[in-house]
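A.B. asks: From just these sequences and the hints, can you work out the full model?
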Amino acid sequence: MMLIACPHCGPRAHVEFSYARTMDAVLPLDATPAEASHILYQRENPRGPSDELWRHTFGCGSWLRVRRNTATHELIEVAPWPPAKAAP
Amino acid sequence: MNAPHRTPAGGLIDRGHTVGFTFDGRRLSGHPGDTLASALLANGVRLMGRGFKYHRPRGVLGVGVEEPNALVGVGAGGRLEPNTRATDIFLYDGLTAVSQNRWPSLNLDVGAVNQWIAPFIPAGFYYKTFFGGPRLWMFYEHFIRRAAGLGVAPTQPEVDAFDHRAAFCDVLVVGAGPAGLAAAAAAAGAGAKVILVEQDERVGGALMRDPAEIDGRDGLDWATDVAGLVRERGGRLLTRATASGFHDHGLVTVVERLAEAGETPRGGVAQRLWHVRARRVVLAQGAIERPLLFSGNDRPGVMLASAARAYVARYGARPGGRAVVAGCDDHVYLTALALADAGVEIAAAIDSRDAAGGPLAQAARARFDCHANASVTAARGGRHVTGATIAAEARAFDVDCDLIAMSGGQTPAVHLHMQAGGALDWDEAAGAFNPTAPRQHQISAGAGAGVHGLAAVLADGWRAGGAAAAALGFSPHGASPTSTGDSRMAPAVSGAAYALPAGANPKSAFIDFQNDVTAADVDLAWREGYRSVEHLKRYTTLGMASDQGKTSNLTGLARMAAALGKTPPEVGLTTFRPPYTPVTFAALAGAAVGDHVAPNRRLALHDAHVEAGTVWQPSGYWRRPRAYPRPGESLADAALREARGVRQGVGFVDVSTLGKFEIAGPDAAAFLELVCATGVARLAVGRGRYTIMLREDGVVADDGTVWRLAEDRFLMTSSTGGADTMAAHLSYVRRVLAPDLRVMATAVQERWTSIAVAGPRARDLLAALIEAPPPAHMSAAGARIAGEDILLLGASYSGERAFEVYAPALAATPVWRAIAEVVRAAGGAPYGLDAMELLRIEKGHIVTGAEVDGRTSPHDLGLSKMPRKRGYVGWAALQRPDFQRPDRPRLVGLEALDGVLPEGAMILPRAGAAPEGHVSSAGRRVLGEGAIGLGLIKGGPDRLGEVLIAASPTRGLRGRVRLTVPMFHDPEGTRYRD
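Residue numbers (my numbering), protein chains in the order written: chain G, 1 to 88; chain S, 89 to 1066.
FYI, nobody ran anything at the bench for these hints, they're computed from the structure. Heads up, some of the hints might be wrong.
[Unchecked claim] Okay, derived cross-link-like pairs now, SDA-like style, lysine to any residue, Cα gap no bigger than 25 Å in a straight line:
id, chain 1, residue 1, chain 2, residue 2
1, S, K957, G, S37
2, S, K957, G, P46
3, S, K595, S, K957
4, S, K957, G, Y41
5, G, K85, S, A826
6, S, K953, G, S37
7, G, K85, S, R830
8, G, K85, S, D755
9, S, K957, G, A31
10, G, K85, S, L825
11, S, K957, G, I39
12, S, K957, G, A25
13, G, K85, S, A758
14, S, K957, S, T793
15, S, K957, G, H38
16, S, K953, G, A31
17, S, K957, G, E35
18, G, K85, S, D828
19, S, K957, G, P28
20, S, K953, G, P33
21, G, K85, S, P827
22, G, K85, G, D24
23, S, K957, S, V787
24, G, K85, S, A816
25, S, K957, G, R12
26, G, K85, S, A752
Predicted, not measured: the structure shown is a model, and the values here were computed from it.
C.D. replies: Here it is in structure tokens:
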């Protein structure tokens, strides 16, 4: 049961979160049909650090980018997604 | 008066009280503190089970959870627990235990004939039965199936309560033997919050079988003091608590028994599953002794040396009267001395090493017949040991005995360390794997880390506990507990311990006692080409029984390694997985049983439906009205009556479970045009439309409606089953794909109750109810019913003129009642899901879960004209050439020609041919006769008029069907269009 440190709520058990997809599986709305096929069906599956999109569904509901080692489950980084814009 | 095999005094049992129990119907008694096994031994009962495959007589091998032989069924009814280790259950009054895997009795077991056919049933024989005729296989499979399995499964539901709890601590110490206690003392003393868990019912571990002095007093008194210290410092001690699994990020699951197997729990809760999140974990679970290999090493009376010592020292039970003690290190002499002091005659002490030095060996040589460079090659006897054949140097000789205590070395219990992702190191001298690099914050200590000798173990535990506390910023202080007396064991010779001695028969030298795997079986696996340790395990089933190879994995691995000419580390170990010992499902379920197995989502109108006499249909976590049968009506009759009522007059239905979303903001329309594949932006205020939403891969995810309530405010609906997915999807589009849009998307499913009123009379009735003209088809308007502000949508799912009434959920009942009154007065009635199905199938309406099944595109569903060209989720992938294939399964209507149209049936061009589609929805004509349905057939719309066969072999149904347009009622929609 992983412990994920939500930037807003602190460390919470991973049952509160939903894993959405890897970041490279985010299909932009303006992708062409060829790009769409590639992103949907030809993806890397790394054994090691992996950038993933999670959501704190049963907590604050925010989307998070989680860098996780798929072999050891070490959570290298947890940050809000999209990244906060720099203040003007 | 003592049972015949009790020692006269001593032990950790309460000799002042007795506890009555039964074993195989025989009434016996023991003392508080006894396990079932120790009480049986004290009563002279040595035959406790029958082997799994060969049904050989078996007694107890060990003294703890490593026990593979003495498995019994305990308790009755809802408390029945099969496969309980007799060594791991403490006596309570009324304990009822029954031996397993034997008929008619333990003493006379018909299954023993399996020993005569043993040559035909070695390891892996079952796989070989798959070669050959299937008919013959079906014959003997019947017998194999009856013979398989060990205990009897319970048939009654669990009667006790089970609990889950979470706990957090600085340092979790697993194991309250000397190492664990020393670690807990160091960590608690430094100020860390400590949780100490111990699977036994008391603390002390090895001190209970090998008494010693610690810090100048009795070791068990020291242990009690440490337990007190942990509590004083705000920590927690759990006994009868097994650390079952080491999961991610320091989460360790601990199964605590509050009642023994079969016992009525005092507080109602039988077991508690703790989820302990620890910042540091000290693993001090000790080591498990290995058996020796020799013929007949499974006979009752052959047991581990440490077990023999525990029975006499802790339980005051003599496991025999005359013993041969054999092994590969000083444990031989330690055991011989301990047994002799308890009144057991020592026939011989057999050491596989050269003549050993050291005080233990010397003390033993002074009292007993000791042999060096010697091994036991065979145990004589059937239902119990009667003697041993020994090979010493050049000669062989026989010795009479009724107990063989064997010590083949110590295997550190590294299970939790490995579950936590740790690494192992091979210790050649000890012949075992020791834990090395941890991956999480675990530290191993004591015998479980390969440290032996009490003084060293105490120091190692203290070091580990102090290191754990220091890593968290605490300051450990004080000195490690010490023990005087030379307790160091001279090192073992691992090779000799693993090898089968010359002259021993590999076919009766057991490695895995529970699954009846012999040395010959390991050799067979190697001969048949299985070299990997993972193959060895699965082919022979070594290590796959409920003991998970605690006394057998390493021995089997070493034999395979020797056959391969490799060392054990080169062969490697199989994967360690939780649970460490068997866990009952009830403990894992906790309180989530019965009504609490899943959340109950309750309709706001629940009570009104009960009042109306509904039959419920589970729909995800919801329960929805299926129909409202009248007395004497079947469900099918009720559904047909309700559907006819809608076609001919009026009916009303609760559709509150549909997904409902409020989309608001300046970019609301733009947002909806990302989510929906149809146009939305050009909807006028007060108008709505049907829409579909695609997945990113172009497949239809859901369908629903969109209504523009104001310039920048929309209401979107979607299916019940897809509501939660849609909510997540909206959040994903809003935040990840288009974060710059100025829009809010809110799930309002539970905020609104929606009631559809449908039928040719619906419009007039509603007009009277709201005292205004109801909205036109696909229009929205506000109104009032029963004093509540409601939203009225003109929408039809049934194919008749219909209106959906949206009322605030908290005020739903008066609105429902008001509608019910006018509808009933007009001769109408409420209808449920079954009637809705009949109505929508007649109109060819697709539904998520049947036609929208995660594979169909808009074109497949006959909705090619609906999607826009681009700019919505899924548009790009929809261009894939595969979606244009003409032979894709596509939507058609189906008309049964033989009165048979089973839902889910395959559709074949002719009998015996490959299927070309399936029946996605099945119903019947509402006002007419005949079964109709919808289906997805290859090239469907191009084959209208063809007659195919719908077949469901599992239900034994088949009939001809004709492909038609998916529309069976009012094709022009005149009944609801304006």
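A.B. asks: Take the hints in turn and mark each one as holding or not.
C.D. replies: Taking the hints in turn, this is what the structure says about them:
| no. | hint | verdict |
| --- | --- | --- |
| 1 | S/K957 - G/S37 | holds, 17 Å |
| 2 | S/K957 - G/P46 | violated, 35 Å |
| 3 | S/K595 - S/K957 | violated, 74 Å |
| 4 | S/K957 - G/Y41 | holds, 22 Å |
| 5 | G/K85 - S/A826 | holds, 15 Å |
| 6 | S/K953 - G/S37 | holds, 23 Å |
| 7 | G/K85 - S/R830 | holds, 16 Å |
| 8 | G/K85 - S/D755 | holds, 20 Å |
| 9 | S/K957 - G/A31 | holds, 14 Å |
| 10 | G/K85 - S/L825 | holds, 16 Å |
| 11 | S/K957 - G/I39 | holds, 20 Å |
| 12 | S/K957 - G/A25 | holds, 23 Å |
| 13 | G/K85 - S/A758 | holds, 23 Å |
| 14 | S/K957 - S/T793 | holds, 20 Å |
| 15 | S/K957 - G/H38 | holds, 20 Å |
| 16 | S/K953 - G/A31 | holds, 23 Å |
| 17 | S/K957 - G/E35 | holds, 17 Å |
| 18 | G/K85 - S/D828 | holds, 11 Å |
| 19 | S/K957 - G/P28 | holds, 16 Å |
| 20 | S/K953 - G/P33 | holds, 20 Å |
| 21 | G/K85 - S/P827 | holds, 11 Å |
| 22 | G/K85 - G/D24 | holds, 21 Å |
| 23 | S/K957 - S/V787 | holds, 15 Å |
| 24 | G/K85 - S/A816 | holds, 24 Å |
| 25 | S/K957 - G/R12 | violated, 43 Å |
| 26 | G/K85 - S/A752 | holds, 23 Å |
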